[in-house]
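J.: If you're matching them up, the sequences are chains A and B in order. So the first sequence is numbered by numbering that gives the first Met the number 0: it starts at 0 and just counts up by one. So the second sequence is numbered by numbering that gives the first Met the number 0: it starts at 0 and just counts up by one.
Think of the hints as simulated: they come from the structure by calculation, not from any bench. The reader is advised that the hints may include incorrect statements.
What the hints assert, rightly or not - Covered stretches of chain B, going by a simulated chain A footprint (3 or more residues, C-beta under 8 Å):
{"#": "1", "region": "193-203"}
{"#": "2", "region": "236-242"}
{"#": "3", "region": "365-374"}
For glycine and all other residues, C-beta sits at the position ideal for the given N, C-alpha and C.
Here's the letter readout for the chains.
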Amino acid sequence: MAEMEYKKETRSVEGSWPMEHWSWKFESIALISKTREAFKEKKLLGLKCPGCGLVYFPPKPYCRCMSEPDEWVEVKQQGTITTYTFTGAWAYEGIKEEEGPAGEPLIIVGVNFDGSDTLTVCTLGEAKPEEVFVGMRVQLKWPENIEGRLDDIAHVVPLRE
Amino acid sequence: MRREVAIISYAQTPYEADANASREMQVLKVAREALQAAGLKQEDRYTVVTANNDYLDGRTISNMRLVEPAGAWMKNESKAEMDGAYAALYGLWRILSGDHDVALIIGESQASVYARWLPGIMMFDPTFDRQRWLLNEASAAALQARAYMNAFGISGEQVAGVAAKNLDNASLNPLAHNKLAGADAAKVLGSRMLYDPLTEMMMAPYCDGACAMVIAAGELAEKAERPVWIRGVGFAHDSYLTERTLKEMNSLRLAAEKAYAMAGISDPSSQVDLAEVHENFAHEELMAYEALGFCGKGEGGAFFDSGVTRRDGKLPVNVSGGATGANVVCATGLARIIEAAMQIRGDAEGRQVAGVKTAVATGQTGPCAQESVVFVLGGE
Numbered sequence: 000m001a002e003m004e005y006k007k008e009t010r011s012v013e014g015s016w017p018m019e020h021w022s023w024k025f026e027s028i029a030l031i032s033k034t035r036e037a038f039k040e041k042k043l044l045g046l047k048c049p050g051c052g053l054v055y056f057p058p059k060p061y062c063r064c065m066s067e068p069d070e071w072v073e074v075k076q077q078g079t080i081t082t083y084t085f086t087g088a089w090a091y092e093g094i095k096e097e098e099g100p101a102g103e104p105l106i107i108v109g110v111n112f113d114g115s116d117t118l119t120v121c122t123l124g125e126a127k128p129e130e131v132f133v134g135m136r137v138q139l140k141w142p143e144n145i146e147g148r149l150d151d152i153a154h155v156v157p158l159r160e
Numbered sequence: 000m001r002r003e004v005a006i007i008s009y010a011q012t013p014y015e016a017d018a019n020a021s022r023e024m025q026v027l028k029v030a031r032e033a034l035q036a037a038g039l040k041q042e043d044r045y046t047v048v049t050a051n052n053d054y055l056d057g058r059t060i061s062n063m064r065l066v067e068p069a070g071a072w073m074k075n076e077s078k079a080e081m082d083g084a085y086a087a088l089y090g091l092w093r094i095l096s097g098d099h100d101v102a103l104i105i106g107e108s109q110a111s112v113y114a115r116w117l118p119g120i121m122m123f124d125p126t127f128d129r130q131r132w133l134l135n136e137a138s139a140a141a142l143q144a145r146a147y148m149n150a151f152g153i154s155g156e157q158v159a160g161v162a163a164k165n166l167d168n169a170s171l172n173p174l175a176h177n178k179l180a181g182a183d184a185a186k187v188l189g190s191r192m193l194y195d196p197l198t199e200m201m202m203a204p205y206c207d208g209a210c211a212m213v214i215a216a217g218e219l220a221e222k223a224e225r226p227v228w229i230r231g232v233g234f235a236h237d238s239y240l241t242e243r244t245l246k247e248m249n250s251l252r253l254a255a256e257k258a259y260a261m262a263g264i265s266d267p268s269s270q271v272d273l274a275e276v277h278e279n280f281a282h283e284e285l286m287a288y289e290a291l292g293f294c295g296k297g298e299g300g301a302f303f304d305s306g307v308t309r310r311d312g313k314l315p316v317n318v319s320g321g322a323t324g325a326n327v328v329c330a331t332g333l334a335r336i337i338e339a340a341m342q343i344r345g346d347a348e349g350r351q352v353a354g355v356k357t358a359v360a361t362g363q364t365g366p367c368a369q370e371s372v373v374f375v376l377g378g379e
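Model the full structure from these sequences, guided by the hints.
T.: Take a look at the structure:
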């Protein structure tokens, strides 16, 4: 293929591109913000639909029944793994897995937290891939410093009862 | 159906990792070839629907520069920013409305010009899932595969077997990009692990290409040589992947039920001769057997093991190699319809299956087959 012509100078414009939080004008931002604030009190807040009773966690302002979920309900910090996958320290096309040292598998789980009707995609710690199973009970593992960030609820571990 | 509508011609580029041609020239090639085969000229009356994507093409209104190559100059053209099977659906509707008798349908993209893994991330919920960087097309598919396999006791060998079948089938398709004659499950399982249980050879690799199809009603359809009639069509959309069951393809099931009802099919496993299924990952084909009613719920693995869906079986699936053989985003589902039509017409050359009278083709858009289209096609 012919080479592209690259110019030595390019035009510069000032601006910002908020990669982390984006600037979606979307009700979910306000809902997620409220949820993140609740993390500081170690609470998971979901939204319940007045039309069909589904509880969304993470919260969402619209339901498939076309009602607007508006009732805040506390979702339990224990839940059940409904599906999972794991991967090693490799690159999927351009994506470098950043979590976990080389060779240590990253376990991604779909968790149905008790009291919610949706999946939350988290990572599972304190378990080996061969120990994970669908139906496994897990609990949220809060970080030492809770800052009200989505990462506060990124990890679950096997439930020790 | 309100009017009898037939597929009267089609054209496909070879599917390649890095085509030595622009998207415009690939579209021009297939559009011209399909129109010529239908006996049409640019100045004749027809409508155009293209399937392409602003994000993948790196520009807004990505069909803007396709007006001329797509044969749409001074005609009514619009685009479906979804799988090409949707473009076929919209073209069908224009004909059913009675306003048009002929529609040119085109699907295209070039994976060599965009970061292949990025669109698969950008489709996820931006306010939560995308912030966590855990979901991409492969990890999401792995979550779906696990949910399905766990629910019904489907083995990794069965999933790998589907990929091996499609890679072997693709070896007979000169247009396919990803092919391996004699592939077996062990080879597929031994390829690089992406996200357990999915290995690299179970994933349909993105590539470059374009395809086009002319559908028509009225005089042109009746006079066409070996028309392939659209007997039934259905489509349905499910929720975002974290808000629905992942162990079944309910949008595909619903779409199939509607298409079968329209086509008068009550027992798909005996009335359908061949299927072309849009499977982005190998396990999806097993799930599709169930959703399309070829076997019962949870029986996809055993159904595959019976050999029915091999190219010498009673109901061959993805004789072309399917999406595993070539996966051009926005064209893959349309290519399934074209391949199914080729089988009915007897145009499939080295991959031709004998005696195909009724065939099913599917297309999908969205993570884990959120949105599904089903076409039922028939010969004379």
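J.: Can you name, in rising order, the numbers of the hints this structure does not satisfy?
T.: 3
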